[in-house]
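Position chain A relative to chain R; hints supplied.
Protein chains: 2
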Amino acid sequence: MATARPLPTTSLQLPDPLPLDSGQVLDGVTIAYETYGALAPDCRNAILVPHALTGDQHLASPHPITGKPGWWVRMVGPGKPIDTDRFFVICANVIGSCMGSSGPAATHADGRPFAMRFPVITIRDMVRANVALLDVLGIDRLHAVVGGSMGGMQALSLAANFPDRADRVLAIATTARHSAQNIAFHEVGRQAIMADPDWQGGNYYGTGRSPDKGLSVARMAAHITYLSEAGLTGKFGRRFQERPDGTAGGRSFGFDADFQVESYLRYQGLAFTDRFDANSYLYITRAMDYFDLAEEHGGRLADAFAGTPARFCVVSFDTDWLYPTSESRSLVQALNAAAAPVSFVELSAPHGHDSFLLDVPALDRVVKGFLE
Amino acid sequence: MATARPLPTTSLQLPDPLPLDSGQVLDGVTIAYETYGALAPDCRNAILVPHALTGDQHLASPHPITGKPGWWVRMVGPGKPIDTDRFFVICANVIGSCMGSSGPAATHADGRPFAMRFPVITIRDMVRANVALLDVLGIDRLHAVVGGSMGGMQALSLAANFPDRADRVLAIATTARHSAQNIAFHEVGRQAIMADPDWQGGNYYGTGRSPDKGLSVARMAAHITYLSEAGLTGKFGRRFQERPDGTAGGRSFGFDADFQVESYLRYQGLAFTDRFDANSYLYITRAMDYFDLAEEHGGRLADAFAGTPARFCVVSFDTDWLYPTSESRSLVQALNAAAAPVSFVELSAPHGHDSFLLDVPALDRVVKGFLE
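Chains R and A, in that order, give the protein sequences.
In this text, residue positions in the first sequence follow this note's numbering: the first is 1, and each later residue adds one.
In this text, residue positions in the second sequence follow this note's numbering: the first is 373, and each later residue adds one.
Isolated chain R (complex conformation) (with noise of 0.2 Å):
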């Protein structure tokens, strides 16, 4: 299957200083970010995907570090349902994280990394980054902002406080808000990655030493919230592991991982360290929290998207208990008591919350259909 040949990454820094919702301002920011496909001469073909709270730029190029396929590779390519024979993509690393755009492990003015000085971002700040981004690139105007989860987030944050910039806005398995499940279990993440004394109050680069079990940890928890329990129950069930000698596994009576699950489990934790910050992780999950659109815009949830004459498309799946269907159904009333155009589908799928990023024909035709 053909592949989209992205640029290498390719990195600026912001001319202007972001201000931000905590007040402060960020000077230099830098963003890292791909681009797939060409840009039309009338600069009107460009569709921004916002990425995932562990996402990255790496939206379909290898990523640098794993080696691995880009995280949205099935859905961007030629000839796919975001289809860069026709679009110009644009994906940026989200500030606040750590795969080259400003973030907790950034050099500070001082010439040390930030770490906790860093400024606590929200994903309305994301999104002014991106929309600066927009800005230097010279793209007044999206096709579309097309996001899943966190992405969908800064969808609809972009929708509501830029509502010019986008044509048409498809969010995926997110919500307007993140509810009291949602913050508890960020919450437990980042406590996990704080009790490990590796952490150092956020001051560990360059120790040596870093709060790699923490993280561990914290992925492991958040990473049970992506899958169902239908899902987990196919893949794993309660099978064993094979014994390192081929033999048939069982109980054995101690700590290891019996399960497969326990296995797949670790694997994941300790996987996701080699390639992710945990700073970025406190500040990126922080912002999540904090994400209230309502709030944001008077308390109604359809004030917020009063001024924006962009179509809506809102995606959610049966199996998602981290952004179950009825937090997409508050937004489709919302938009609807806005006047926003807008189109809701309920996809099935086994697989929980990371449905938006496996295999669901249902989500390439939906996709593939908005974008016409």
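Hints were generated in silico from the structure; no laboratory data involved.
Glycine is no exception: its CB is placed at the ideal position from the N, C-alpha and C atoms.
Take these hints with a grain of salt, some might be off.
[Stated by the list, open to error] Distance ranges between label pairs, derived from CB positions:
no. : chain 1 : residue 1 : chain 2 : residue 2 : range
1   : R       : Asp245    : A       : Leu730    : 45 to 51 Å
2   : R       : Gly111    : A       : Thr619    : 35 to 41 Å
3   : A       : Arg615    : R       : Leu39     : 30 to 36 Å
4   : R       : Pro62     : A       : Ser624    : 51 to 57 Å
5   : R       : Pro15     : A       : Ser720    : 23 to 29 Å
[As the list claims (entries may be wrong)] Sample of chain A residues at the chain R side, in silico, Cβ under 8 Å:
no. : residue
6   : Ser551
7   : Ala552
8   : Ala556
9   : Val560
10  : Ala564
11  : Asp568
12  : Tyr577
13  : Gly580
14  : Arg581
15  : Glu601
16  : Phe631
17  : Val633
18  : Glu634
19  : Leu654
20  : Asp661
21  : Leu729
Positioned in the frame of chain R, the structure of chain A alone reads:
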């Protein structure tokens, strides 16, 4: 309201070595237990109430560390559904735990704590210990065994493995086997504990350091699973903490507990470390993850119950996503297949899994009715 007056916690040493599923044998097992009410001359009015993961023998008497009322004081006492004016009620700390029964903190024959040398136990081993206690007490046959959550697993295991020891089996908010998702959440907790350097391979007793941070994270993650999403939203929503000066809270743009739900979870985690031993948490979660009553009986759950004349009552809660109603239905189907008399009810309660401990009058009626 009248409350049961228990004898002070009693403990005894089992007269015989306890054979375990691991093949090991545990000598000199201590069982700490409480009883409420009086044993009838014919010894036929006894009810055993096995406790849940972090429960203990303080069923209806104040906890000696926290000073809080017993964990099921609303259910057990004079005139209550488990009526101590009629019944002799027994609750024993499970082996592996830390409230007086033999567990990892207990002293090994070599004079040092067992720590991780304590054998890995199973739910059936806990039941063996409880049955050995009944033998000592001269109780050949229980009027009933009544348990919620892990207590329900023990109730089912008792029926399956000691079919003539109980006339009635009441299993509440429980399952006949731990699911992949159940195992996954427990594994997160275990990894959080073992990642804490103060765990010291389990040999923290007497060192002045214990893995409180890891145990606290484990408890936080587990606690989320005990509550329903709607319950968390109802109780906390996205409400902010009041500030120390009494003014309304809001985003601090820092990593303190801004949201009430964060503060609540942190408190739950911290308070837990005052009363619970981290190694016990490892052992008991392991026992629960190993639990699969069908597998113990040739792979067919109905066969587990083929030999018992007991009557069963199975209760689930509609908002319990830890042991959802579907698990109870599977159990009831197996009991039907075994031609065991069984009644089943799904109760509506907003609190999720923890409903079995909380104010649900319908549960009181079910318990009272079944014990008549």
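Checked hints:
1. R:Asp245 to A:Leu730: 45 to 51 Å: Distance hint for Asp245 (chain R), Leu730 (chain A) holds at roughly 48 Å.
2. R:Gly111 to A:Thr619: 35 to 41 Å: Distance hint for Gly111 (chain R), Thr619 (chain A) holds at roughly 38 Å.
3. A:Arg615 to R:Leu39: 30 to 36 Å: violated (49 Å)
4. R:Pro62 to A:Ser624: 51 to 57 Å: violated (39 Å)
5. R:Pro15 to A:Ser720: 23 to 29 Å: violated (59 Å)
6. Ser551: It holds, given that the least Cβ distance between Ser551 (chain A) and chain R is near 6 Å, below 8 Å.
7. Ala552: Hint on Ala552 (chain A): holds, closest Cβ of chain R at ~4 Å, below 8 Å.
8. Ala556: holds (5 Å)
9. Val560: Nearest chain R Cβ about 5 Å off; hint holds.
10. Ala564: holds (5 Å)
11. Asp568: holds (7 Å)
12. Tyr577: Because about 17 Å separates Tyr577 (chain A) from the closest Cβ in chain R, which is outside the 8 Å limit, the hint is violated.
13. Gly580: violated (16 Å)
14. Arg581: Violated. Min distance 11 Å.
15. Glu601: holds (5 Å)
16. Phe631: Result: holds, 5 Å to nearest chain R Cβ.
17. Val633: Where the cut-off is 8 Å and the nearest Cβ of chain R is about 5 Å from Val633 (chain A), the hint holds.
18. Glu634: holds (5 Å)
19. Leu654: This interface hint holds because 6 Å falls under the 8 Å limit.
20. Asp661: holds (7 Å)
21. Leu729: violated (19 Å)
Violated hints, in rising order: 3, 4, 5, 12, 13, 14 and 21; the structure is consistent with all others.
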